[in-house]
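Undergrad: Counting from 0, one number per residue, gives the positions in the sequence shown under numbering that gives the first Met the number 0.
Treat the hints as calculated values from the structure; they're not laboratory data. Because the structure is a prediction, the values reported are computed rather than measured. Heads up, a few of these hints could be off.
[Claimed, not checked] Listed below are the simulated DSS-like cross-link pairs for lysine-lysine, each with C-alpha atoms no more than 30 Å apart in a straight line:
1) Lys194 to Lys225
2) Lys194 to Lys268
3) Lys268 to Lys300
4) Lys300 to Lys225
5) Lys268 to Lys437
6) Lys296 to Lys376
7) Lys194 to Lys296
8) Lys296 to Lys268
9) Lys376 to Lys431
[Said to hold, decoys possible] So the derived label-pair ranges between C-beta atoms look like this:
10) Pro416 to Asn131: 29 to 35 Å
11) Gly377 to Arg124: 23 to 29 Å
12) Gly359 to Ser315: 27 to 33 Å
For each residue, glycine too, the CB sits at the ideal point set by N, CA and C.
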Amino acid sequence: MMGHWTLADVVRCTDGWQSGEDCAFDRVVTDSRQDCTGALFVALEGPRFDGHDHVRAAIEAGAVAAMTSREVAGVSQVVVRDTLSGLQALAAANRQRFDAPVLALTGSAGKTTVKEMCRTILGGRTWATPGNLNNHVGVPLTLLGLDDAHAQAVVELGANHVGEIARLVALVRPRVAVVTSVGLAHVGEFGGPGKILQAKSEIFSGLDERGTAILPANQPYTDALKQAVPGGCRILTFGRDATADVAAEVSAEGTVQVFVEGAHVAELKLALPGLHSVDNALAAIAGCLALGVEADKAVRKLAGFRGQSGRLAEISLGAVTLIDDTYNANPEAMLAALDVLAARREPVKVAVLGAMAELGDHALAQHQRVLEAAQAKGIQVVRVGDWPASLQRENWYPTPEAAADWLLAETDRAGSPVAVLVKGSRSARMEKVVDFMKTKRGLN
């Protein structure tokens, strides 16, 4: 809920004009198939859709009014020049009403996990981005969920072009801004690694002199990120490095001790595997420290944190353990997942990997990088879908279903325990492999 709004309020913040009777609403929707009860329906337009075609369906589903860019007869509405700009202006106005602190975060990997970790640490009165609604539509919808019941908010920002995060963070106006990592995700869309760094740095442009910037310690890009932080802002670094403000020491046995500014805080007991999960936890702890949470409380709150479906979720299928990491993929995330697989005790390790999308001219080199890393760790790789043509040779299957058929037969023949990592970009639909295996083993 977003508090009490009227069409007259919408006119004031969007420079639109009102048609029909004024009315009140406390929700905004952009999809007429959603619950529209008591909502303002925003008729967004795109290359293959026009929300104006669905205004009447939204009203029939309970919406009280619409935001349009051309008048729809017989409907209470605010008519604006552009409905996306109108949605963003309304979101900015609702953010202006919200007096509690906001933490914004971005990064090439770890965004959604760090967001959920922050939500866990901060507790029940925290509003956080639903799912991964982190783009030019999702961020405004997230901000439109803010109301007086919330003590703080955590907002995830995503992008695949320079300038997008700058526009989003201007709406969010965070007290704390976090960069989780800078890698090669979407490098084909950005136009090169330097553009990715530039884009992630844009999140700091939303800070004022009271703000805090959170960024990885001792990385090749750390100094460049620091240079993007406005003067007067506090900077906190995190990482598995003694120089970090929020640091972790990982023993050979895998225990993790957390330090803040050199002082020991507590042991971190995560249920998520992998050193990258430790990095994500440190980013979340640093962000929450900047919001006033005590360090030991932040560490304790993460005990047992398991994350979301499709993120290193273990599924036991008899002698086979599936590691469902199908949520998404980029080169750094692939390598981190392979590290998790390599550390397991099962004697047979298989990685069923869908292609990584949006890598452009870097696609061949980055897919080869993943294959070489797996080979060095003794992991068998099954390639699925739209891999670079020169890599569509041995152990390649055109669809997730074909790969799942092979996997089922091979694991049935295995004479010892098998660990299977399943991962790929969203477009690879690798969750179909997991669903197939679970169905055949009687779990679906």
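Undergrad: Look at each hint and say if it fits the structure.
TA: Hints and how they fare:
no., hint, verdict
1, Lys194 to Lys225, "holds, 16 Å"
2, Lys194 to Lys268, "violated, 36 Å"
3, Lys268 to Lys300, "holds, 10 Å"
4, Lys300 to Lys225, "holds, 29 Å"
5, Lys268 to Lys437, "holds, 29 Å"
6, Lys296 to Lys376, "violated, 37 Å"
7, Lys194 to Lys296, "violated, 37 Å"
8, Lys296 to Lys268, "holds, 13 Å"
9, Lys376 to Lys431, "holds, 26 Å"
10, Pro416 to Asn131: 29 to 35 Å, "holds, 33 Å"
11, Gly377 to Arg124: 23 to 29 Å, "violated, 47 Å"
12, Gly359 to Ser315: 27 to 33 Å, "violated, 38 Å"
Hints 2, 6, 7, 11, 12, counting from the list given before, are not met by this structure.
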